[in-house]
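**Student:** Read top to bottom, the protein sequences are chains A and B. Position one of the first sequence corresponds to residue 1163 (my numbering), numbered consecutively onward. Position one of the second sequence corresponds to residue 321 (my numbering), numbered consecutively onward.
Please keep in mind that the hints were generated in silico from the structure rather than gathered at the bench. Positions of the beta carbon are idealized from the N, C-alpha and C atoms, including for glycine. Watch out, some of these pointers could steer you wrong.
[To be verified] With a Cα cut of at most 25 angstroms, we get these calculated DSS-like pairs of lysine-lysine:
(1) B:416 with A:1485
(2) B:537 with B:326
(3) B:326 with A:1485
(4) B:504 with B:416
(5) B:504 with B:326
(6) A:1258 with A:1282
[Said to hold, decoys possible] Per the computed footprint, the stretches of chain B lying under chain A, defined by three or more beta-carbons under 8 angstroms from a beta-carbon of chain A, are:
(7) 392-399
(8) 561-568
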Amino acid sequence: MKTLRSEEETLTGSMRSSCPVLPMQQPSHKLESLSKRDNPDNNLVQPVARTGVPDSPFVLIIKGLNASKLLKLLPRVLFAIVSLSLLIGTWYLGTKFSIDWYIRFDNIPTPGDVLSELNKLGRQDIFYTDMMISLRRIVFGFGIATVLGIVLGILIGRFRLVRQLLFPALEVLRPIPAIAWVPMSIMLWPTSESSILFITFIGSFFPILLNTIDGVESVDPVLVRAARSLGASEFNVLRLVILNGAMPQIFTGLAVGMGVAWVSLIAAEMISGQFGIGYFTWESYSLVEYPDIVIGMGLIGVLGLLCSGVIRLVGNLMMPWVKLRTGGAH
Amino acid sequence: MSEHIKIENVSMRFGKGANQIDAVSSVSLHINSGEFVTLIGPSGCGKSTLLSMVAGFQMPTEGTVKMDDKEIHGPGADRGVVFQQYSLFPWLTVRKNVEFGLKMRGTSSSERETAARTLLGLAGLLAFENHYPDQLSGGMKQRVGIVRALATSPQVLLMDEPFGALDAQTRVVMQQILTNMWQKFQISVMFITHDIEEAIFLSDRVYVMTARPGCIKAEIPIHLPRPRSDETLVTPEFLRLKLQIRQLIGEESLKAMGGELKDGGMQGFSIDVGSKGVTELL
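Model the full assembly from the supplied sequences, consistent with the hints where possible.
**Tutor:** Next up, the structure:
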């Protein structure tokens, strides 16, 4: 009975481990405000870059941070340090004194255990194999969802007939969480690899699809008229006006979709997988390698954050005009 | 002069049954080649509907819209359109916006660039060719809009209250720029506005429209000599035209606002100002 209960708790615990991925779900205007905050730093770097002397990034940082800038940053840095210390401190104290106040720390590895285990694991190939396999599943599952979600989203948003034909079926499937697809997926697909890809796909597909439809519908009709009067064919209207006009919302969909893709992938790997970070984390529990659980959780968080960073970066590169839109005009 | 654009007995109805609205009712008008013609009338009189039929965005319920004796079936690059809401593509730079029509035509990228830069130079916008529309002021955006519509060398320029969103000073400058462009390119212009001075200042001919359902109330030729300047605005002829059009539109605006005020409806209407009547104050 005791093990069963602890299993349940570990399960909910590891579900929560996918939460570091959630910050990606913030709406796009929030993403922009974040990137705007980066701007002053870019400006500071520019004068140095213009001299043509190849400084190391470290030197640039030193030159960029003058005293007043540093003073302004100080409270934020201090709070960040306090915040992280509280988290790690609680963990450390909890494990050191094996606290048992309804939540129990007696089986939880200490920060020190985790660090030395990480040191050991870092030298093993299997650790990197798991990581690469998870990343590959994200690339394919999320990639297919991106292509299909954007293409279908544009067609549904633009043509009433396509909408009437496809939307009812999609609306029935949409509320089903990706994790609920796991048993069905195992039956549907010939290999466990393809069923995991499918779960990852289905999780990210709907946010991308719905945001694309929304984006297409929000394109100003006067832009379509302008394009038509300049001689654009329907195909060129779709490709050059609708797609570009919907782009900001498509990227909102991609950011949300990437978050859900990780949630779905980890769940699928835990249940039906061989290899992958989710499988690694779950198996560490079965094999009583408790420090590995923490490492798996941390890695999932870091990879999720990296992936959403890539989406943001690509978005900023593809849409330099969006920043101007939100208040850069003079 | 030949009739370039010809609108014959055009009616436009929206909706069905009890909700049916007559937007335009048996309108006939024409625009000669190289002529600047303005449609003016109270809001909701269907002047924009007429323009969008010439542009090919809408089809008339009855009647025909022809260009060079050929019926118009859809939008095309032979008719440039300038919209009130600027309608620049925000994701394209100023130059790429201007190049858009040429790109659709398959013009090579170097030719496109030359053409766009020449036109932008004429509009005084060359320094802003790599800016995005959101970095420009309203007047600059609309100049880009005009230049973009001219880039495909259309025979007609259709302008739907293009300066409606601009402040008074910018408007005056834009009117001069537009006149210069029109004379340079020698194209026909169909212009829509509710600003009487603007209509007289720019046009060769003004059509005044009635309130809904819109039809032509009067056709007024403007014989003011060109080039026109600020002085034109205070000539007796200008003021006479202004009064004439003002009265024509005034009647229609009242109609559009609801009940017709009967002749002398303002008589017997008094405001008590310190026990003096309005007539005494005046």
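**Student:** Taking only the CA atoms, is the gap from residue 504 of chain B to residue 326 of chain B under or equal to 25 angstroms?
**Tutor:** Roughly 24 angstroms separates the two Cα atoms, so the pair holds.
**Student:** Run the distance test for residue 416 of chain B versus residue 1485 of chain A: straight-line Cα separation, threshold 25 angstroms.
**Tutor:** holds, 19 angstroms
**Student:** How about the stretch 392-399 of chain B: do at least three of its residues have a C-beta closer than 8 angstroms to a C-beta of chain A?
**Tutor:** holds (count 5)
**Student:** Holds or violated: residue 537 of chain B and residue 326 of chain B, Cα atoms, limit 25 angstroms.
**Tutor:** holds, 17 angstroms
**Student:** Given the hint that residue 1258 of chain A pairs with residue 1282 of chain A, test it: the Cα-Cα distance must not exceed 25 angstroms.
**Tutor:** holds, 22 angstroms
**Student:** Under the criterion that the straight-line Cα-Cα distance not exceed 25 angstroms, is the pair residue 504 of chain B, residue 416 of chain B satisfied?
**Tutor:** holds, 23 angstroms
**Student:** Residue count check for the stretch 561-568 of chain B against chain A: does it reach three with CB-CB under 8 angstroms?
**Tutor:** Three-residue rule not met by the stretch 561-568 of chain B, so violated; n is 0.
**Student:** Does residue 1485 of chain A sit within 25 angstroms of residue 326 of chain B, going by the straight-line distance between their CA atoms?
**Tutor:** violated, 45 angstroms
Consistency with the previously given hints fails for numbers 3, 8, ordered from lowest to highest.
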